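Make a model of the complete structure from these sequences and hints.
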Amino acid sequence: MNLRNEMKTIKTTLLVVLAGALLTPPRLAAADHGHGSHGSAAQPGPKKAKVKPYPMATCVVSGEKLGGDMGDAYVFSQDGQEVKLCCKSCLKDFSKDVTGHMKRIAAAAKNVKPYRLETCLVSGEKFGGDMGDLVLFVHEGREIKLCCNDCTKEFKKDPAKHIKKLEAAEKQIKK
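0 is the number of the first residue of the sequence shown in numbering that gives the first Met the number 0; add one for each residue after it.
Since the hints were derived computationally from the structure, they do not count as laboratory data.
Because the structure is a prediction, the values reported are computed rather than measured.
There could be a bad hint or two in this list.
Said to hold, decoys possible - Below, a list of computed lysine to any residue pairs in the SDA-like style, where the Cα atoms sit at most 20 Å apart: (1) Lys49 <-> Gly127; (2) Lys155 <-> Gln171; (3) Lys51 <-> Glu81; (4) Lys49 <-> Phe126; (5) Lys155 <-> Lys102; (6) Lys152 <-> Tyr114; (7) Lys95 <-> Thr57; (8) Lys164 <-> Glu153; (9) Lys51 <-> Lys102; (10) Lys64 <-> Asn110; (11) Lys87 <-> Phe75; (12) Lys64 <-> Ile104; (13) Lys91 <-> Met101; (14) Lys163 <-> Arg141; (15) Lys152 <-> Leu133; (16) Lys64 <-> Lys49.
As the list claims (entries may be wrong) - Now the in silico label distances, taken between C-beta atoms and shown as ranges: (17) Ala167 <-> Gly62: 31 to 39 Å; (18) Ile162 <-> Gln80: 18 to 26 Å; (19) Ala108 <-> Ser61: 31 to 39 Å; (20) Ala108 <-> Glu63: 14 to 22 Å; (21) Gly99 <-> Gly123: 35 to 43 Å; (22) Ile172 <-> Gly70: 36 to 44 Å.
Glycine included, each C-beta is placed from N, C-alpha and C at the ideal position.
The structure is reproduced here in C-alpha cells:
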C-alpha cells in the first residue's frame, strides 16, 4: 500500500507541474502586450511595408473626406500603391482614369513628411523582431511607422498625443 500512495503522489505532482507548464506561456505572452520579441536578433532589420501608404485624407476621385459620411474607406492596392476611396462606388470612376488618379496620389506623396525615427512611435522599441510586417501609414501629412497592429490601435486612440511625442523626438534628432 505504501508504494501505491507514493505512485499516487507522483502522478498528482506530475499533473500539477504539467498543467502549470502548459498554462504559463499564454499568461506571459499576454503580460508583455505583444512586445516581448522586439529587438530580437532573429530579424536583421525592419520588414518593409508591402505597399506605399495612401498619402491623402480625401478620396482621390470625389474629394470627399475619408471615413466621413460615406463610412469606412474602400481600400485596395494599385501598382504597389495603397489607394483609399470614400466608397466602393468611386472605383468605377477611378478605373476610367487610373493614370490620372495615380499621378495625383504620387504628387500628394511628395508632400508627406518622412518618419525619421528608428523606433516604433508607440512602444519605443527598435523595429525588427517577429511582430510581423511594419505598419506604415500617413496621418495628416506625416508618415507614421509602427511595429505592429497593437500599436496601430493604440495610436488611433489618441493620435495627437503620439504626434506630439514624434515632434519632440524629431527636435532631439536635429540637435
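Now for the hints, and whether the structure bears them out:
A hinted pair counts as satisfied when its Cα atoms are at most 20 Å apart, and Lys49 with Gly127 qualifies at roughly 15 Å. Using a Cα cut-off of 20 Å, the hinted pair Lys155 and Gln171 is violated, with the two alpha carbons roughly 24 Å apart. Between Lys51 and Glu81 the CA atoms are separated by roughly 6 Å; this keeps the pair inside 20 Å, and the hint holds. Taking the CA atoms of Lys49 and Phe126, the gap is near 16 Å; set against the 20 Å cutoff, the hint holds.
Among the hinted pairs, Lys155 with Lys102 is inconsistent with the structure: their alpha-carbon atoms are about 29 Å apart, more than 20 Å. With a C-alpha separation of about 19 Å, the suggested pair Lys152 and Tyr114 falls inside the 20 Å cut-off, and the hint holds. About 19 Å separates the Cα atoms of Lys95 and Thr57, which keeps this hinted pair within 20 Å; it holds. In summary, the hint linking Lys164 to Glu153 is supported, as the alpha carbons are separated by about 14 Å, within the 20 Å threshold.
For the proposed pair Lys51 and Lys102, the alpha carbon gap of about 14 Å is at most 20 Å, so the pair holds. Distance check on the hinted pair: Lys64 and Asn110 sit about 18 Å apart at the alpha-carbon level, within 20 Å; holds. As the CA atoms of Lys87 and Phe75 are separated by approximately 10 Å, the hinted pair is consistent with the 20 Å bound. A hinted pair counts as satisfied when its Cα atoms are at most 20 Å apart, and Lys64 with Ile104 qualifies at roughly 15 Å.
With a C-alpha separation of about 15 Å, the suggested pairing of Lys91 with Met101 holds against the 20 Å cut-off. Proposed proximity of Lys163 and Arg141 is supported: the alpha carbons are some 12 Å apart, at most 20 Å. At most 20 Å may separate the alpha-carbon atoms for a hinted pair to count; Lys152 and Leu133 meet this at roughly 14 Å. Proximity of Lys64 to Lys49 is assessed by CA-CA distance (about 25 Å); at most 20 Å being required, the pair is judged violated.
For the pair Ala167 and Gly62, the beta carbons lie near 34 Å from each other, so the given range of 31 to 39 Å is met. Between Ile162 and Gln80 the CB atoms are about 24 Å apart, so this pair conforms to the stated range of 18 to 26 Å. Between Ala108 and Ser61 the beta carbons are some 19 Å apart, a value that contradicts the proposed interval 31 to 39 Å. Separation of Ala108 from Glu63 is about 20 Å and conforms to the stated range, judged on CB atoms against 14 to 22 Å.
Against the hinted window of 35 to 43 Å, the Cβ-Cβ separation of Gly99 and Gly123 comes to about 41 Å, which satisfies the hint. A beta carbon spacing of about 38 Å between Ile172 and Gly70 agrees with the range 36 to 44 Å that was offered as a hint.
Checked against the numbered hints given earlier, the structure breaks hints 2, 5, 16, 19 and satisfies all the rest.
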